[in-house]
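In the order they appear, the protein sequences are chains A and B.
Sequential numbering of the first sequence, starting at 694, is according to our numbering.
Sequential numbering of the second sequence, starting at 694, is according to our numbering.
The list that follows gives simulated cross-link-like pairs (lysine to any residue, SDA-like), each with its CA atoms no further than 20 Å apart:
no., chain 1, residue 1, chain 2, residue 2
1, B, 830, B, 816
2, B, 858, B, 1165
3, A, 925, B, 922
4, A, 807, B, 973
5, A, 761, A, 786
6, A, 761, A, 701
7, B, 925, A, 919
8, B, 913, A, 732
9, B, 1094, B, 928
10, A, 830, A, 813
11, B, 807, A, 712
12, B, 817, B, 928
13, B, 836, B, 862
14, B, 925, A, 727
15, B, 925, A, 924
16, B, 882, B, 1037
17, A, 1084, A, 1059
18, B, 817, A, 919
19, A, 925, B, 731
20, A, 830, A, 798
21, B, 925, A, 922
22, B, 925, A, 731
23, B, 1186, B, 1035
24, B, 1188, B, 887
25, B, 882, B, 1046
26, A, 882, A, 1179
27, B, 807, A, 973
28, B, 1188, B, 1140
29, B, 925, A, 732
30, B, 925, A, 729
31, B, 1188, B, 1026
32, B, 837, B, 786
33, A, 925, B, 727
34, B, 807, A, 919
35, A, 807, A, 734
36, A, 1188, A, 1130
37, A, 836, A, 1106
38, B, 1188, B, 1049
Just so you know, the hints here were simulated from the structure itself, not pulled from any lab data.
Remember, it's a predicted structure, so these values are computed and weren't measured experimentally.
There are 2 protein chains.
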Amino acid sequence: MPNTETTLTYPQYTSWMRELADLRYANAVLQWDQETYMPEAGAERRSGQIATLSELAHRFFTDPQKAKELNQLLADNSLDEKQRKNVSLTAEDVSQQAKLPGDFVRTMSETVSKSFQAWMDARKANNFAVFAPLLGKLIDLKKKEADYLGWQAHPYNALLNQYEKGCTVSMLDATFAALRAPLSALLAKIAARQQVSESIVKQSFPEETQWQFSMDLLEKMGFDFRAGRQDKSTHPFTTNFSAHDVRITTRIDPNDLSNMTYSTIHELGHALYEQGLPDAEYGLPLGEFTSLGIHESQSRLWENNVGRSLSWCSSFFPLIAHYFPEQCAGANAETFYRAVNRVQPSFIRTEADELTYHFHVMIRYELEKTLMEGSLPVNDIPAYWHAAYKKYLGIEVPDDKTGCLQDVHWSHGSFGYFPTYSLGSLYAAQFFGAAEIAIPGLQKQLSAGNFGQLLNWLRQEIHIHGRFFTSEELCKRISGDTLNINWFMQYVKEKYRFIYSLEEEAIPS
Amino acid sequence: MPNTETTLTYPQYTSWMRELADLRYANAVLQWDQETYMPEAGAERRSGQIATLSELAHRFFTDPQKAKELNQLLADNSLDEKQRKNVSLTAEDVSQQAKLPGDFVRTMSETVSKSFQAWMDARKANNFAVFAPLLGKLIDLKKKEADYLGWQAHPYNALLNQYEKGCTVSMLDATFAALRAPLSALLAKIAARQQVSESIVKQSFPEETQWQFSMDLLEKMGFDFRAGRQDKSTHPFTTNFSAHDVRITTRIDPNDLSNMTYSTIHELGHALYEQGLPDAEYGLPLGEFTSLGIHESQSRLWENNVGRSLSWCSSFFPLIAHYFPEQCAGANAETFYRAVNRVQPSFIRTEADELTYHFHVMIRYELEKTLMEGSLPVNDIPAYWHAAYKKYLGIEVPDDKTGCLQDVHWSHGSFGYFPTYSLGSLYAAQFFGAAEIAIPGLQKQLSAGNFGQLLNWLRQEIHIHGRFFTSEELCKRISGDTLNINWFMQYVKEKYRFIYSLEEEAIPS
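Work out the full structure, taking the sequences as your base and the hints as a guide.
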């Protein structure tokens, strides 16, 4: 037989990958538009457009000929370390993606587009039943997906692994078990103290002024408006179409300034990561974020470790008072600091404090695990949700909108995503702890509204590496330790000891 | 030899076409975003994304196997008349497109994206030299394109034919020659009369109020906001991603209400056509507009024959006075009517009156013809422009921004597009004339702000047919006549006789 093998050069590999990225990012533009500006009647055709692009990208990416060529290219000794990493990560990705048939990808994409509309309709009607049929279909598809991808121990592992490489049910069970006791103990101590007042942020704040403040805030905290923009959407999100075009969205509650403020800083954290990825690696693994846990570590580091610090409040309170002089009359930075750190079991995950937040995630994690096992009918989700919030947070969920309809994730087909929020929070504490060691006077810089050195440190330690290091590798390089909940527990204990005047010895270790 | 021919069924044909449409419309979303919301630094990667999608769509569309299959499908006797029309138009399109190599399509697309940025930069700098190098490249590519497509008599014919099937240099030379004398004579008569005042529209009109008025206006004139939206851009345009998602843009001059008003109504006219195309034919020729001349006939019919009529002004003046009470104090509908129909040679095509407009188009037509002949160096365009405006309109173009940098078309790679503006204006007069015969009391309806019957007539006569009829076929069906400048001349003579108190016998016929 003649040798008919074609050989793929590295430049050919990059142009192939870049065309694929063009398709993927084009699809991201369609999705961004769908959630920001698209008129209502455009939804149906848009579903088809997104599905077509998804299917094409999948078909090109999983071309069996390319899989072979990638393995040949890996054997090429002239590749440098980064090039080899790009090719080997791509070969892995291709082999994962190739497990999903094209028809399945199209069906999933179309179901997701319809689900997003159904979820929006269900929220409007405040009725889970409107969303249930499509959610049931999505869950069935997700089980199928897990089977296609293959799994050991638990089908949910196949989905977890898509967002956080190597993440498993047993690892998360252990992490949440370790968090539960000290968190519950700390919550109990706090509940026994006098509650802090959040009245300063719960006033009337005109929408337009909040918007202006959010834009100013983004600029001052390092968002590059030449390479990004902010818009409004029902559920805030970050997306990007290159490192030079990063879009975030926010939502505004006219009776709560903290809602928009921390949602904006949260998305800013995501956006700074995307803006910091190397544009020279556009379309290649080293030009992409390494995991959702690390992505979330960036959003939560900026939202909480920076944004909810006394330093940040000291620096930004004058600006807040500039935009809202009447609402801030007689208050100071500490009033604001206490208000935005109030600990209180509540219904909405994205508005939860840093402690109860993990219970919101745990509930979703356990629910998804159960759904993937098939032991819970879709229609029982509201009752499950109700019971779980009662059990973990001691509160009675009043309706679906405040309960199981609050998150967009399922309607996006994202199952296994929620746990990355807790991981992100834990990584954030660990990274920020390392930053405080690496950057002398960091808190002083933050108090002065100077975020450049912290951003630069994150750029050098995390952003510029793209997918070169896994979450665990990054974590070890930065902190000398694997993921360890002690960094987080240490951080929250110190914070709430001050805010709630807890006695040192009284805090469980 | 075994028969290895595959046969294409009509349903397979439609799903192939719909996937192609998904790709094309996805690309239109990318372009819409580029001109409305995209941050500056996103431009470079966006060019690549648009180029990739263009190239893919081209590659799929010109698959030689498909061309063969389409011809086989045409021989299928079970197709109904509409199905046969779809397939035969597609076969024609494929054979035209297949003449352009994939590399060429990609190069064109990339050059266009860069040209758009260069044009924007050149406008900012008010300096044609900034745009000249890319424009030169575009012209070379357009000559190549004409050669690929093939042409007889004149290379420009190949480009004209892309926008208006069957349109040729000899046909346009004749049309413009026929228009020139009576138009010039009418202009001379008007110039001899006392000028009308446009002071009512040339005042300070706050941008935000103008925006609100434009949105109100669109709603009242029949724009379906469930299936479309309006945004702002440098150069107003209409695009669509299905008949259920039609986007228009406008621009606002804070010192001129007529600029935004008539730009908005113009784009509304385009949008009503797109919203009226049959969604059931999505992605197929019968779901598309028939020609740019007909598209423009819709925008100009609404802008001029409706929007600049005394009936429209009577109906809308109260609303204008509602939004701008101070500016309208002491004025009435006739003041407004006269102001927006002032005839005056001017620099900007999109702001020109209905008479001088054709000279703006003639100048561009002759310039493009010359450029395609290769007899004018790119750098001489500003001087050519200057001389032409002096010759035809008697005015001295002061700078590039007011001169040869005013139109976006070349930067979009659109050469041969301008003539469709004059054709559109002529078709509009002919169609509107037919509508006045078909709809008793039409002017009364317009005076009452009732546009439903006119819109419905346009829907039935033009919109729902998609590409089933050519421009000429439509024109004959509607007016019983081929394109004939007399309808237009009759319309403008009547209009300006009233506005400029011209004596009947003094108007040249």
